[in-house]
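Visitor: Knowing the structure of chain F, use the given hints to seat chain L on it.
These protein sequences, in sequence, are chains F and L.
With the working numbering, letter number 7 in the first sequence gets 7, and the count goes up by one each step, no holes.
With the working numbering, letter number 136 in the second sequence gets 136, and the count goes up by one each step, no holes.
Misleading hints may appear alongside valid ones.
Ranges of calculated distance between the beta carbons of each label pair, as one might list FRET restraints [to be verified]:
1) F:28 - L:120: 26 to 34 Å
2) L:141 - F:32: 40 to 48 Å
3) F:68 - L:202: 44 to 52 Å
To give an idea of the interface, some chain F residues facing chain L are shown, with a C-beta separation under 10 Å as derived from the structure [what the hints assert, rightly or not]:
4) 9
5) 16
6) 20
7) 28
8) 30
9) 31
10) 35
11) 48
12) 71
13) 75
14) 81
Think of the hints as simulated: they come from the structure by calculation, not from any bench.
Built from N, CA and C at the ideal position, the CB exists for glycine as well.
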Amino acid sequence: MEYNILNKINLINGSIVFTPLGYLLNSNDCDTINANYNATYLNWVNNNKSDLENGNINISVFFDTTPEVYEAHQVTTSVDGMGLNEITDITPYI
Amino acid sequence: MPLVEGNRTADVRVPAGSSWSFSHNQNTGSDGCLVVIIASPAVSVSSVTYGGQALTNVRNDSTSYSTFWSVWRLNNPPTGVNSIAVNLSSGSWNSTSTVCYSFTGCSGVGNHNFNNTQSVNQTTSITISDNSMIIGSVISGNATSAYIQIPQGTGRTLQWNHNINNYTFGGISPSLTSGSKTIQGGSTATNIILAVEVKELAVVAKRRIFII
Chain F
1 MEYNILNKIN LINGSIVFTP LGYLLNSNDC DTINANYNAT YLNWVNNNKS
51 DLENGNINIS VFFDTTPEVY EAHQVTTSVD GMGLNEITDI TPYI
Chain L
1 MPLVEGNRTA DVRVPAGSSW SFSHNQNTGS DGCLVVIIAS PAVSVSSVTY
51 GGQALTNVRN DSTSYSTFWS VWRLNNPPTG VNSIAVNLSS GSWNSTSTVC
101 YSFTGCSGVG NHNFNNTQSV NQTTSITISD NSMIIGSVIS GNATSAYIQI
151 PQGTGRTLQW NHNINNYTFG GISPSLTSGS KTIQGGSTAT NIILAVEVKE
201 LAVVAKRRIF II
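Bound-form chain F, shown alone (with noise of 0.2 Å):
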């Protein structure tokens, strides 16, 4: 079997952090919330990597706008020990 772990980005002082908050099971709900992460974190650091890697523009001006985003693309056989929950309403996190 194989668990989608669904993190939540945010800014805390300064640093990205991602935080897991339970698994998936349900490839479409998996798909919904990284074409969001795609749409609108992922595409938002494409279109300004230079600037970032330059140091011209902060990360902190998209959390700004959005303060948390989230995304389901690291995938493992196992959680046992994690203390990770299966989520089935992805409501929350598109």
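Guide: This is chain L only, laid out in the frame that chain F set:
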């Protein structure tokens, strides 16, 4: 004890800095080994730790896709859930792929080879010991009809497929017989390919001599 593939964790993320970490569960059992493959666009990997223990760098290649490809291993890693921590040589805003395989009954990484020439349906070959497994990994211009064959002609399930500016995907064979093995992978675009042997711990035959 035979070589057994255990837990696997595959992760792709924008580091947004020069380090990141995530959890992975190393199986219990004797002669454990952890193998990690990282595809990092533009920026090389400087170190990897698991549960605070440093992994040994097996290879670190600068590829024709402007992506660094590195292989790391740790024999007898701590078991259970521990943190994989990756450190880059500098900060990165490129999506970066990390794949972790746990094994038991393993003596570590054996031979490995890498074909850096971009070609559709690229191949590479390695010579392996009896009962070794092969991890095959591809970096390609796209992931359309992506596949991996280990050995060539035998398709394996893609266990990761990550968008990292280009794409990286791959899988693993079961235990194979010894000899030279060619692996093949690709998509509808050109690609390069990497093969990594994971070796079974050789059982030393015991012989008793009776002196009369």
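Visitor: Can the hint on residue 16 of chain F be confirmed by a CB-to-CB distance to chain L that is less than 10 Å?
Guide: Holds - the Cβ of residue 16 of chain F comes within 10 Å of chain L, reaching about 4 Å at its closest.
Visitor: Minimum Cβ distance from residue 48 of chain F to chain L below 10 Å?
Guide: holds, 8 Å
Visitor: Min Cβ distance, residue 35 of chain F to chain L: is it shorter than 10 Å?
Guide: Violated, because the Cβ-Cβ distance from residue 35 of chain F to chain L comes to roughly 12 Å (cut-off 10 Å).
Visitor: Have a go at the residue 28 of chain F hint: is there a Cβ in chain L nearer than 10 Å to its own Cβ?
Guide: Since chain L brings no Cβ nearer than about 17 Å to residue 28 of chain F, farther than 10 Å, the hint is violated.
Visitor: Measuring from the C-beta of residue 71 of chain F to each C-beta in chain L, is the shortest one below 10 Å?
Guide: holds, 8 Å
Visitor: With 10 Å as the cut and Cβ atoms as the points, is residue 9 of chain F at the interface with chain L?
Guide: holds, 8 Å
Visitor: How about residue 31 of chain F: closest beta carbon in chain L under 10 Å, or not?
Guide: Constraint on residue 31 of chain F not satisfied, violated at 13 Å.
Visitor: Between residue 68 of chain F and residue 202 of chain L, is the Cβ distance one that fits in 44 to 52 Å?
Guide: Holds, at about 51 Å.
Visitor: A closest beta-carbon separation below 10 Å is what the hint needs, so does residue 75 of chain F meet it against chain L?
Guide: holds, 5 Å
Visitor: So, as I understand it, the hint says residue 20 of chain F touches chain L; can you test that by seeing if any CB pair is closer than 10 Å?
Guide: Cβ of residue 20 of chain F sits 7 Å from chain L, so the hint holds.
Visitor: Hey, does the residue 81 of chain F contact hint survive, CB to chain L under 10 Å?
Guide: This hint holds: residue 81 of chain F lies near chain L, its Cβ roughly 4 Å from the closest one there, short of 10 Å.
Visitor: Does the CB of residue 30 of chain F sit less than 10 Å away from some CB of chain L?
Guide: Because about 13 Å separates residue 30 of chain F from the closest Cβ in chain L, which is outside the 10 Å limit, the hint is violated.
In the structure shown, a violation is registered for the earlier hints numbered 2, 7, 8, 9 and 10, in ascending order.
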